[in-house]
Amino acid sequence: FINFGEAESLYCLKAVKSLREAGITSELYPDAAKMKKQMSHADKRNIQFVVLAGTQEMEEGVYTLKNMKTGDQTRVDLNGLIKALA
Numbered sequence: 041f042i043n044f045g046e047a048e049s050l051y052c053l054k055a056v057k058s059l060r061e062a063g064i065t066s067e068l069y070p071d072a073a074k075m076k077k078q079m080s081h082a083d084k085r086n087i088q089f090v091v092l093a094g095t096q097e098m099e100e101g102v103y104t105l106k107n108m109k110t111g112d113q114t115r116v117d118l119n120g121l122i123k124a125l126a
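Using the working numbering, read the sequence shown as starting at 41 and increasing by one per residue.
Hints are supplied without guarantee of correctness; some may be wrong.
Cut-off 27 angstroms, straight-line C-alpha distance, at most; resulting in silico cross-link-like pairs (BS3-like, lysine-lysine) [as the list claims (entries may be wrong)]:
#	residue 1	residue 2
1	Lys106	Lys77
2	Lys57	Lys84
3	Lys109	Lys77
4	Lys54	Lys106
5	Lys109	Lys84
6	Lys77	Lys57
7	Lys57	Lys109
8	Lys123	Lys109
9	Lys54	Lys77
10	Lys106	Lys57
11	Lys54	Lys123
12	Lys123	Lys106
13	Lys84	Lys106
14	Lys54	Lys74
15	Lys54	Lys84
16	Lys123	Lys57
17	Lys54	Lys109
18	Lys109	Lys76
19	Lys57	Lys76
20	Lys54	Lys76
21	Lys57	Lys74
22	Lys123	Lys84
23	Lys106	Lys74
24	Lys84	Lys74
Because the hints were derived from the structure by calculation, they are not lab data.
Make the full structure from the sequences, and use the hints.
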């Protein structure tokens with residue numbers, strides 16, 4: 041999960057918990073560093089999918105799931121996120 045700030049982190053932590061409960065390895069970048077740095081970190085670790093959640097996603101109750109290999113992005117709710125990553 042990309043960390044955009046405190047409010048976004050709290051929103052993402054709920055999803056991280058749900059994903060872990062479903063047996064899906066997930067992590068939230070520890071601080072709100074520049075997005076390029078966070079994406080580079082994910083790329084170096086060969087992380088296939090990155091989840092982004094900013095103000096708009098929070099308002100809509102969704103997450104943006106990005107495939108790091110293809111660059112494709114899709115918006116999904118928490119259940120859709122679990123299904124996509126399972």
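Here's how the hints hold up against the structure:
1. Under the criterion of a C-alpha separation no larger than 27 angstroms, the hint pairing lysine 106 with lysine 77 is consistent with the structure, at around 16 angstroms.
2. With a C-alpha separation of about 24 angstroms, the suggested pairing of lysine 57 with lysine 84 holds against the 27 angstroms cut-off.
3. For the hint pairing lysine 109 with lysine 77, the CA-to-CA distance comes to about 17 angstroms; that is within 27 angstroms, so the pair holds.
4. Only pairs whose Cα atoms come within 27 angstroms are accepted, and lysine 54 paired with lysine 106 is accepted, the gap being roughly 19 angstroms.
5. About 12 angstroms separates the Cα atoms of lysine 109 and lysine 84, which keeps this hinted pair within 27 angstroms; it holds.
6. Straight-line distance between C-alpha atoms of lysine 77 and lysine 57 comes to about 24 angstroms, which keeps the hinted pair within the 27 angstroms bound.
7. Annotation: proposed proximity of lysine 57 to lysine 109 holds, straight-line Cα distance about 25 angstroms (limit 27 angstroms).
8. With a CA separation close to 19 angstroms, the supplied pair lysine 123 and lysine 109 stays within the 27 angstroms bound.
9. Restraint check for lysine 54 and lysine 77: satisfied, since their Cα atoms lie roughly 23 angstroms apart, inside the 27 angstroms limit.
10. Taking the CA atoms of lysine 106 and lysine 57, the gap is about 19 angstroms. The hint holds against a cut of 27 angstroms.
11. Taking the CA atoms of lysine 54 and lysine 123, the gap is near 16 angstroms; set against the 27 angstroms cutoff, the hint holds.
12. The hinted pair formed by lysine 123 and lysine 106 meets the criterion: a straight-line CA distance of about 14 angstroms does not exceed 27 angstroms.
13. Restraint check for lysine 84 and lysine 106: the C-alpha separation of about 16 angstroms stays at or below 27 angstroms, so the hint holds.
14. At roughly 22 angstroms between alpha-carbon atoms, lysine 54 and lysine 74 fall within 27 angstroms of each other, so this suggested pair holds.
15. Simply put, lysine 54 and lysine 84 have alpha-carbon atoms about 25 angstroms apart, close enough for the 27 angstroms limit, and the pair holds.
16. For a cut-off of 27 angstroms, the pair hint linking lysine 123 to lysine 57 stands: about 15 angstroms separates their Cα positions.
17. The hinted pair formed by lysine 54 and lysine 109 meets the criterion: a straight-line CA distance of about 26 angstroms does not exceed 27 angstroms.
18. For the hint linking lysine 109 to lysine 76, the alpha-carbon distance of about 16 angstroms falls within 27 angstroms, and the restraint holds.
19. Our distance criterion of 27 angstroms between C-alpha atoms is met by lysine 57 and lysine 76, whose separation comes to about 25 angstroms.
20. Proximity of lysine 54 to lysine 76 is assessed by CA-CA distance (about 24 angstroms); at most 27 angstroms being required, the pair is judged to hold.
21. Restraint check for lysine 57 and lysine 74: satisfied, since their Cα atoms lie roughly 24 angstroms apart, inside the 27 angstroms limit.
22. Proximity of lysine 123 to lysine 84 is assessed by CA-CA distance (about 25 angstroms); at most 27 angstroms being required, the pair is judged to hold.
23. Of the supplied pair hints, the one linking lysine 106 and lysine 74 holds, its CA atoms being roughly 17 angstroms apart against a limit of 27 angstroms.
24. For a cut-off of 27 angstroms, the pair hint linking lysine 84 to lysine 74 stands: about 16 angstroms separates their Cα positions.
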